[in-house]
Amino acid sequence: MTKQVHHLVQEGIRKGMDYAGYISMMNDLVAKGKATGTEQSEERIANTKLNAHRLRRIEKTITIPDERLDVFRKLPEKQVWLVLLESWCSDGAQAIPLLHKIAKASSKIELRLVLRDENPRLMDCFLTNGTRSIPKLIVTNSAGTVIQEWGPRPKTASKMVAEYKERNGKVDDNLKKELQMWYHRDRGNTMLDELIEMVHPH
Numbered sequence: 168m169t170k171q172v173h174h175l176v177q178e179g180i181r182k183g184m185d186y187a188g189y190i191s192m193m194n195d196l197v198a199k200g201k202a203t204g205t206e207q208s209e210e211r212i213a214n215t216k217l218n219a220h221r222l223r224r225i226e227k228t229i230t231i232p233d234e235r236l237d238v239f240r241k242l243p244e245k246q247v248w249l250v251l252l253e254s255w256c257s258d259g260a261q262a263i264p265l266l267h268k269i270a271k272a273s274s275k276i277e278l279r280l281v282l283r284d285e286n287p288r289l290m291d292c293f294l295t296n297g298t299r300s301i302p303k304l305i306v307t308n309s310a311g312t313v314i315q316e317w318g319p320r321p322k323t324a325s326k327m328v329a330e331y332k333e334r335n336g337k338v339d340d341n342l343k344k345e346l347q348m349w350y351h352r353d354r355g356n357t358m359l360d361e362l363i364e365m366v367h368p369h
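Each residue of the sequence shown is one higher than the one before, counting from 168 in the numbering used here.
Take the hints with a grain of salt, since some may be wrong.
Unchecked claim - As a list, the in silico DSSO-like pairs of lysine-lysine whose alpha-carbon atoms are at most 30 Å apart: (1) Lys337 with Lys201; (2) Lys216 with Lys245; (3) Lys275 with Lys322.
Keep in mind the hints are simulated off the structure, nothing from the lab. Just so we're clear, the structure is a prediction, and the values are computed from it rather than from any experiment.
Sequences are here, hints too, so could you generate the full structure?
Below, the structure written as structure tokens:
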């Protein structure tokens, strides 16, 4: 990791929001009929409103068995989980409540959230197949070194997107509906499996 990447990550952590701050920002955006970022399109504003509802619903309904949370409680050192995202990003709304529940249960994890479009240099250090895909989770150890990254979605969902784009040439509303149905059925289990594997590889 270069000094520049280290500096950008630390800057992101310093100015990042906690979960409560992010929820407060989402509620404020909904009240004002806005979205994060410079593009205030009808679609992004509508998605922001929908995601504010999703965040509340998922936080209430998702449960993580205690023995699975123990993996995160027993980490050998403190970590910061820094997430790049935007209010209108549906995958972000699915991921953030799960990350929050893990961080809330483990004194070893601090969760910080930053907006992608306000941090382009940081985002460009963590591209997925050359694109600024979000959400992107960046994990640092107690020395501030990046040790892991995850995102923008569980591998099963990413495969669905790749196969759909190959068949249809683009991402459209049908794919978005299929993805949301998959997330609803999966209830965060695949993402949880991947995060456990990330911090505790066999």
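The hints, checked one at a time:
Our distance criterion of 30 Å between C-alpha atoms is met by Lys337 and Lys201, whose separation comes to about 26 Å. Distance check on the hinted pair: Lys216 and Lys245 sit about 34 Å apart at the alpha-carbon level, beyond 30 Å; violated. Between Lys275 and Lys322 the alpha-carbon distance is near 26 Å, which keeps this suggested pair within the 30 Å criterion.
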